[in-house]
Amino acid sequence: MVRVSRCSMELTSASSLMGLILVAWLLAACRPIPTFTDHQGQPITLTEFQGKPLLINYFAPWCAPCLREMPRLNALAAEGDIAILAINYDPTTVADLAKLAQQYQIQIPLVLANDPASLPFPRPSGLPTSYLLDRKGELIDTFIGELDQPQITELKRKVHAMPD
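In UniProt numbering, the protein residues as written are 1 to 164.
Bear in mind the hints are in silico, worked out from the structure with no lab data behind them.
The calculated DSS-like cross-link candidates involving lysine-lysine, where the alpha carbons are at most 27 Å apart (straight line), are: (1) Lys156 - Lys52; (2) Lys158 - Lys52; (3) Lys136 - Lys52; (4) Lys156 - Lys136; (5) Lys136 - Lys158.
Computed Cβ-Cβ distance ranges for the label pairs, DEER-style: (6) Pro163 - Trp62: 31 to 41 Å; (7) Val94 - Ile33: 14 to 24 Å; (8) Thr153 - Asp115: 32 to 42 Å; (9) Met162 - Thr92: 30 to 40 Å; (10) Gly126 - Pro91: 11 to 21 Å; (11) Pro43 - Gln149: 28 to 38 Å.
Ideal Cβ placement from N, Cα and C applies to all residues, glycine included.
Generate coordinates for the entire structure from the input sequences, incorporating the hints supplied.
Dropping the structure here:
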């Protein structure tokens with residue numbers, strides 16, 4: 001009798017655990033895909049970058065190191081091996097982002113998060129912060145602070161080492 005009772009409790013516990021795992025999986029699957037609006041007013045989603053390495057860069061227009069690294073990010077994106085998406089840290093307008101892109105000759109997409117709660121990463125504690133994702137969208141590395149040339153060289157090495 002005790003053995004049956006114990007097995008019954010273990011089965012109930014296992015069933016409860018499986019139920020919790022299923023609920024967690026369903027909730028994760030229901031998480032909205034982050035959507036953005038670029039500095040030209042066009043919608044962008046992260047799914048557009050699937051299959052290609054992606055550098056997500058958090059920046060702000062008032063951040064001098066952020067603006068200093070933009071020419072390096074432009075050059076990196078122009079090489080074609082990695083996509084770059086720069087997410088504005090602070091609330092602003094598409095028109096203000098467009099002015100910023102023109103003023104600093106920024107070629108990479110500058111975007112606003114349509115729903116800040118759905119950002120792919122939490123807002124960083126310091127700017128700029130960049131996240132390198134592989135072709136599957138998995139985080140490979142985090143770069144905090146202005147990307148200098150040695151860091152960009154390291155970033156490129158990591159991109160070239162990624163499996164196809």
